[in-house]
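Undergrad: As a plain string of letters, each chain reads:
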Amino acid sequence: MTGRRWYVPWLFLAPALAVAITFFIVPFGNTAVLSLTDASTLGGGHFTGLDNFRRLAHDDQFWLSLRNTALYLVIVVPLVVTLPLLVALLVQRRIAGIGFFRAVYYSPVVASMVVAGLIWSWLLSSDGMVNSLLRGLHVVTEPIPFLTDAHWLLAGAMAMTVWKGLGYYMVIYLAALANVPRSLLEAAEVDGAGAVRRFWHVTVPLLRPTMILVATLAAIACAKVFAEVYTLSGGSAGPGGEARTLVYTIRETGLGLGGEAGYASAMSLALFVATLGLSVLVTRLNSREEQA
Amino acid sequence: MPSFRGLRLVAAVAVVGSLTTACGLGGSSDETGGSSASGKGPLKGTVTFETLQLKPTFTKYVEGVIGDFEKKNPGVKVKWIDIPFQGAQEKLTADAGAGTLPDVVNLNPQFAQPLENKGLFVDMDSAAAKIKGDYVPGAWKAFTVPGRPGSYGIPWYLTSEVTMYNKGLFKKAGLDTAKPPTTFDDLLADGKALSEAGKGSFYGIHPALENRFITDLAKQGVPLLDADGKKWTFNTPEAAAYLAKLVKAYKGGVYPKDSLTQDHSKETEAYQAGNIGLFPSGPNFLTIIKQNAPKIAEATGVGPQITGPEGITNMSVMGLLVPKASKNQRAALAFASYMANSKNQLAFSKIVTVLPSVSKALENPYFTAEGDGSVDAQARRISAEQIAKAQSLVPVQYDDRVKQAVLAKIQLALQGKLGPKKALDEAVAAADAVTAH
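Chains as they are written, first to last, in the working numbering: chain A, 1142 to 1433; chain B, 31 to 467.
Just so you know, not all the hints are guaranteed correct.
From chain A, some residues computed to sit far from chain B (all C-beta separations above 12 angstroms) [what the hints assert, rightly or not]:
#, residue
1, Thr-1172
2, Val-1215
3, Leu-1278
4, Phe-1287
5, Arg-1349
6, Pro-1350
7, Thr-1394
8, Val-1414
9, Ser-1428
The calculated label-pair distances, taken between Cβ atoms and stated as ranges, are [claimed, not checked]:
#, chain 1, residue 1, chain 2, residue 2, range
10, B, Gly-127, A, Leu-1230, 49 to 57 angstroms
11, B, Gly-127, A, Arg-1425, 55 to 63 angstroms
12, A, Ser-1253, B, Lys-171, 41 to 49 angstroms
13, A, Phe-1165, B, Lys-121, 22 to 30 angstroms
14, A, Leu-1230, B, Ala-128, 34 to 42 angstroms
Think of the hints as simulated: they come from the structure by calculation, not from any bench. Even for Gly, the Cβ is constructed at its ideal location relative to N, Cα and C.
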């Protein structure tokens, strides 16, 4: 190793570093600077100190976005942690034709979000399949306003997120399940543990790190949710924009001619801090549990 | 794939229509385009020309005009770029920020205004003073910025809304197929009759708030903006009374349930699918309906624009703008005035039901006679008649962000979550906040 020159490792690092600096670090720095100005999307702007952040504190739309995003997180994350695990348990078995089912569950992952959004908006429209079915079965008399009521719209978007992520997280769980030693399960079986107890006391503890990973990934994805709400509502975030999420509001504020780049940057920083805080929280909780 | 092309066109023209609804025969005295720009000697260099979603439907026409211009000005090469409406704002913003706007840009006043406000475009009042008198004054005025002297675009084409209606559905609802509605009250009454007859299988009207709400207020004499162009003023008792009628219509099932947040392209789709009976929109949509839904086109009748008691009519304008940063400004100005000259606009108006922005071209018998008596000819005559007294009613400050802030409150009013007056007050406050920033 003594013959190596000091810069050799940097040469290997250079491409990845260049990408990171160009596309992440510099834009992030730029966003941080912009957040302290009143710049528009067409440039210009003056230093305004913390004005943008003060404005955020009194911006109803921002708080509504934050509330909806938090709601999204609280409902979707537990579903995304549990449902794919159950599906993974189902398709883990080595039986004839199981590959077909794995592929079916995975297919939403590869579908384009815009196409998925269109399909879901057809399904959920007032004369769409879901409403026709519910009316046909006499569950409801009037169509459910899936696309014109903020709560239903958010619920539809959440269902879409879970549906879209099911296959992806299922694959992560399948990999983790394959690492659960058979000997442990067999030992538990010999000790008289049934399937449920084996799952609960052997599989789940061993899967805990994976579940934490899935929860973290899902929480970050939920904090950034946009496409589901946007495509389902045809870009409106529902009547009055009441189903808006943080990223939706950032986009609405900061894009297009005359958009407020400075204010949108301040919102982006708020989102960044929230996401970072969330990741740290999950990691802390995990390490505390491990120590305990 | 006619339907796919049609859909793209619908999407394009829906937005373009809502913004411009007008086509002009840029009837200029300068048929070569060369003399209107300052400077001497033959023109040379490359001119980039950016349009909003005219491909593929109008490719042949635009390329034809470009070819003619290049023949007359052998030193000039025109590079045509057509961008889809979706994302156009983002692209323009990025180009403007980077200083790489094309030499000639096709924009409507609402799109152009934020850029005009930054002083990015050549003032046509002086740069194209020679041809200014050729254009319909209202159209030329559309590219002025409140509080700033000059006018920043050459009007290209104009549209003036007509009322299209499905005679088949009119019959089913027991309405007179020869008598389309002409006032807002008639429109709502006919819409109600149609929706009641449809019992959920078809409806009377689509609210298309995004396209019509603010224009409809202006047509009824509601003042939208104060003289300084800074404060919105449409929260009047008259506006509240009109909104109350829309609320009643939505509650009464006159509009399809999901239509509340849908835009003009969805309205167009619904009309083409035979799901709604009335379709107040630019006459250029007749071409699209014919392409996508020939049977609906056959059943379509056409009437004049829906107006308020004072008979105020609206027109939409599309223009051609030249950025000051253009490296080839002289050739760009020449090309823009050539594209929008009388001859070329007249030819364009014969392909699609739009109107020329050149006064002389509008006098052409093509626009004044019923011609073959077809629906297109009727629409052409009606909209040409309207253009004479029409104005571009929507202020340029009503950009996408203001629109979104306003419509959010109006949608809540239609759902009954806000009273009409409160919704308008909140809409004005929200619009003021956007305009102030």
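Undergrad: Against this structure, judge whether each hint is valid.
TA: Going through the hints against the structure:
1. Thr-1172: holds (15 angstroms)
2. Val-1215: A:Val-1215 is indeed farther than 12 angstroms from all Cβ atoms of chain B, at 24 angstroms.
3. Leu-1278: holds (18 angstroms)
4. Phe-1287: With a cut-off of 12 angstroms, A:Phe-1287 comes too close to chain B, as the shortest Cβ separation is near 9 angstroms.
5. Arg-1349: Check passes; 43 angstroms lies beyond 12 angstroms.
6. Pro-1350: holds (41 angstroms)
7. Thr-1394: violated (8 angstroms)
8. Val-1414: holds (23 angstroms)
9. Ser-1428: holds (42 angstroms)
10. B:Gly-127 to A:Leu-1230: 49 to 57 angstroms: holds (52 angstroms)
11. B:Gly-127 to A:Arg-1425: 55 to 63 angstroms: With Cβ atoms ~41 angstroms apart, the hint is violated.
12. A:Ser-1253 to B:Lys-171: 41 to 49 angstroms: About 44 angstroms separates the Cβ atoms of A:Ser-1253 and B:Lys-171, which means 41 to 49 angstroms holds.
13. A:Phe-1165 to B:Lys-121: 22 to 30 angstroms: holds (23 angstroms)
14. A:Leu-1230 to B:Ala-128: 34 to 42 angstroms: violated (53 angstroms)
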